[in-house]
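Number of protein chains: 2
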Amino acid sequence: MDATLSSGVVRAGRQAREQFHDARGYGDPDGEGVRLAPVEAAHLLYRGDLDAVDGMGFREFLASAACPDLHFLVYKDLRDRGFYLSPTGVDWVEDYGQTDLVVYPRGKGPWDDEIAYRVRVVSERATVPAADLGDVVLAVVDEESEITYLETDRPDVSGATDYGPPGDTPGSLLDDRVLVWDPPADLYERGFYGQPLDRDGETVETLQLSLVEAAYLVRQNALVLATDGDDETAVLDRGRTVEGDRFDRRLRVYSALREAGVVPKTGYKFGADFRTYADVESVSELSHSELLVRVVPDGHGFAPRDLALDVRLAGGVRKRMVFALTAAGIEWLSAERLTP
Amino acid sequence: MDATLSSGVVRAGRQAREQFHDARGYGDPDGEGVRLAPVEAAHLLYRGDLDAVDGMGFREFLASAACPDLHFLVYKDLRDRGFYLSPTGVDWVEDYGQTDLVVYPRGKGPWDDEIAYRVRVVSERATVPAADLGDVVLAVVDEESEITYLETDRPDVSGATDYGPPGDTPGSLLDDRVLVWDPPADLYERGFYGQPLDRDGETVETLQLSLVEAAYLVRQNALVLATDGDDETAVLDRGRTVEGDRFDRRLRVYSALREAGVVPKTGYKFGADFRTYADVESVSELSHSELLVRVVPDGHGFAPRDLALDVRLAGGVRKRMVFALTAAGIEWLSAERLTP
Numbered sequence: 009m010d011a012t013l014s015s016g017v018v019r020a021g022r023q024a025r026e027q028f029h030d031a032r033g034y035g036d037p038d039g040e041g042v043r044l045a046p047v048e049a050a051h052l053l054y055r056g057d058l059d060a061v062d063g064m065g066f067r068e069f070l071a072s073a074a075c076p077d078l079h080f081l082v083y084k085d086l087r088d089r090g091f092y093l094s095p096t097g098v099d100w101v102e103d104y105g106q107t108d109l110v111v112y113p114r115g116k117g118p119w120d121d122e123i124a125y126r127v128r129v130v131s132e133r134a135t136v137p138a139a140d141l142g143d144v145v146l147a148v149v150d151e152e153s154e155i156t157y158l159e160t161d162r163p164d165v166s167g168a169t170d171y172g173p174p175g176d177t178p179g180s181l182l183d184d185r186v187l188v189w190d191p192p193a194d195l196y197e198r199g200f201y202g203q204p205l206d207r208d209g210e211t212v213e214t215l216q217l218s219l220v221e222a223a224y225l226v227r228q229n230a231l232v233l234a235t236d237g238d239d240e241t242a243v244l245d246r247g248r249t250v251e252g253d254r255f256d257r258r259l260r261v262y263s264a265l266r267e268a269g270v271v272p273k274t275g276y277k278f279g280a281d282f283r284t285y286a287d288v289e290s291v292s293e294l295s296h297s298e299l300l301v302r303v304v305p306d307g308h309g310f311a312p313r314d315l316a317l318d319v320r321l322a323g324g325v326r327k328r329m330v331f332a333l334t335a336a337g338i339e340w341l342s343a344e345r346l347t348p
Numbered sequence: 009m010d011a012t013l014s015s016g017v018v019r020a021g022r023q024a025r026e027q028f029h030d031a032r033g034y035g036d037p038d039g040e041g042v043r044l045a046p047v048e049a050a051h052l053l054y055r056g057d058l059d060a061v062d063g064m065g066f067r068e069f070l071a072s073a074a075c076p077d078l079h080f081l082v083y084k085d086l087r088d089r090g091f092y093l094s095p096t097g098v099d100w101v102e103d104y105g106q107t108d109l110v111v112y113p114r115g116k117g118p119w120d121d122e123i124a125y126r127v128r129v130v131s132e133r134a135t136v137p138a139a140d141l142g143d144v145v146l147a148v149v150d151e152e153s154e155i156t157y158l159e160t161d162r163p164d165v166s167g168a169t170d171y172g173p174p175g176d177t178p179g180s181l182l183d184d185r186v187l188v189w190d191p192p193a194d195l196y197e198r199g200f201y202g203q204p205l206d207r208d209g210e211t212v213e214t215l216q217l218s219l220v221e222a223a224y225l226v227r228q229n230a231l232v233l234a235t236d237g238d239d240e241t242a243v244l245d246r247g248r249t250v251e252g253d254r255f256d257r258r259l260r261v262y263s264a265l266r267e268a269g270v271v272p273k274t275g276y277k278f279g280a281d282f283r284t285y286a287d288v289e290s291v292s293e294l295s296h297s298e299l300l301v302r303v304v305p306d307g308h309g310f311a312p313r314d315l316a317l318d319v320r321l322a323g324g325v326r327k328r329m330v331f332a333l334t335a336a337g338i339e340w341l342s343a344e345r346l347t348p
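Residue numbers (the numbering used here), protein chains in the order written: chain A, 9 to 348; chain B, 9 to 348.
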């Protein structure tokens, strides 16, 4: 069976319509015949269902400019997994924005009114703007043509931790941390601020605070540093010296998490900015942290390679990977591995 | 018991020498008395063994410029783990270069002639030149003062894979991969080149090669592409278009691994450049890959955060993390988690 290509649309006759569209969800009815997106035609050529498009067999058609080869690889993979799906970019498929393939639930097709996934196809070397993500599935094709699916979402991040630190605890600003001698009993145990340097039985004798914790507590009037000038200025300056602009972004996200009842602690060991605990009653009865948070600057573009690394690492420690997009406000973006 | 500080050395009397040096490995004999590095003095103050150094108690001494607080944290941690150790930077401890703390085997001390670890102390925000690593243990102190130990080494990377591809297999250069139609039977199965697009039973009908695989095979005269000009130029140009300079670095490392009998495949899913197989007999009897390889440019500096992430991820999948330092030649640098 043969077909023709014109203006980016492949057309075939009545028999093709019956066999490809009606029976298997390819393309769209076109009078008595059927219209096909180039990727659909490539798949039919690949399967041997179509013999040629304008005289081109599968090899010639795939190597031609008409058919984007990454899209073909993902289309084929999803067909192999038992889905019917439609490429966008043709006028009979709705353009949802940032979507290359509209995937229907298993057992459904383009004639139903239901969508399982909206898929965007990217090479592992592409850069994907953070702003584009949140309601698409990324299909990342690596250099050896293997495909990883990453589902993105815009989650709500909030918790139930309820602790207010007491006022005016004294501390000392060292190189890049703050030491609190004889801290209030609950500052660590209930508030999960800092890390004990040493303890006498149950009692924390010296508490080490990170600069971001210290800056937040100074702003809450909960910490007083014996600096020569303004304490807030001193700790912010120190933070910017060791981390640059990143310190301000991290402090904004740290504060937003604390205000939302979530306790952030360093995520260093996981390569993230923070790991978070949604509901801290006391540190001695702490459950596992739920989220890994990475703070990204306004206008950030993700390298799929880095995204995959973060998601894999978070999955390996049973946490959810969340990105804090810092623009005017803070937006949360999650990503996790999907097996369609 | 009191001590005095002068020119970066703390001095105390005979009783201190007996109690601190002779019994517990602090400092160095100094006539009848003992000389101590500031970090050692801080630890003795912290324990209450010393009362004051020039009138300063532990808090004042740690907050003073005399004592680097990161070094103190690591010193204390290693003492807590049961080691005797000596800070460098004083004239009675050999300067090994890139070393802040010389750690003796458990049960041994500065009077023995044996070293367990040479430790370099870094903040998680520091940048560590790749060239400095290879025979030190990095003690990375995170912002909440937790310490991660990373052992670095210069391993030999070689394998026993023995396969030479046949000459002049034809292929087609697509956007960022190469397709080989009807490839030689062993190219995939024995050589582990490419990824099958489809197979007919045991037979691979179409093989997809990455650009780096294709460039290597073209240089071996094993692959012929139907390009208009020189095949090698065409595939290198394509690689540089999608990856920039990184493509040349990766190709150099890919080639070095192949020449050493090691099979590199993409490490994308692990956030690395390659995963490697030291001994491929056939793909159907493949064992797990052993190394994750990340290619770094000449003069690269590591962020300890990224290093920890790589090492953690490699550990999670039971592989060894190896960095390929690309300067005049290629040097291999490994890093793994250490629990002293």
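Hint data in this document are derived by calculation from the structure and do not stem from the laboratory. None of these values were measured; they are calculated from a predicted model. Heads up, the beta-carbon is just placed ideally off N, CA and C, and yes, glycines get one too. Do not rely on the hints blindly, as some may be mistaken.
[Claimed, not checked] Beta-carbon label-pair distances, calculated as ranges:
id: 1; chain 1: B; residue 1: Gly175; chain 2: A; residue 2: Gly63; range: 25 to 35 Å
id: 2; chain 1: B; residue 1: Gly97; chain 2: A; residue 2: Ser295; range: 19 to 29 Å
id: 3; chain 1: B; residue 1: Thr12; chain 2: A; residue 2: Ser295; range: 44 to 54 Å
id: 4; chain 1: A; residue 1: Gln23; chain 2: B; residue 2: Leu294; range: 54 to 64 Å
id: 5; chain 1: B; residue 1: Asp99; chain 2: A; residue 2: Arg326; range: 46 to 56 Å
id: 6; chain 1: A; residue 1: Asp62; chain 2: B; residue 2: Ala139; range: 26 to 36 Å
[Said to hold, decoys possible] Pairs of lysine to aspartate or glutamate, DMTMM-like flavour, derived with a Cα cap of 20 Å:
id: 7; chain 1: A; residue 1: Lys277; chain 2: B; residue 2: Asp10
id: 8; chain 1: A; residue 1: Lys116; chain 2: A; residue 2: Asp88
id: 9; chain 1: B; residue 1: Lys327; chain 2: A; residue 2: Asp314
- Enumerate the violated hints, using their earlier numbering and listing them in ascending order. 2, 4, 6, 7
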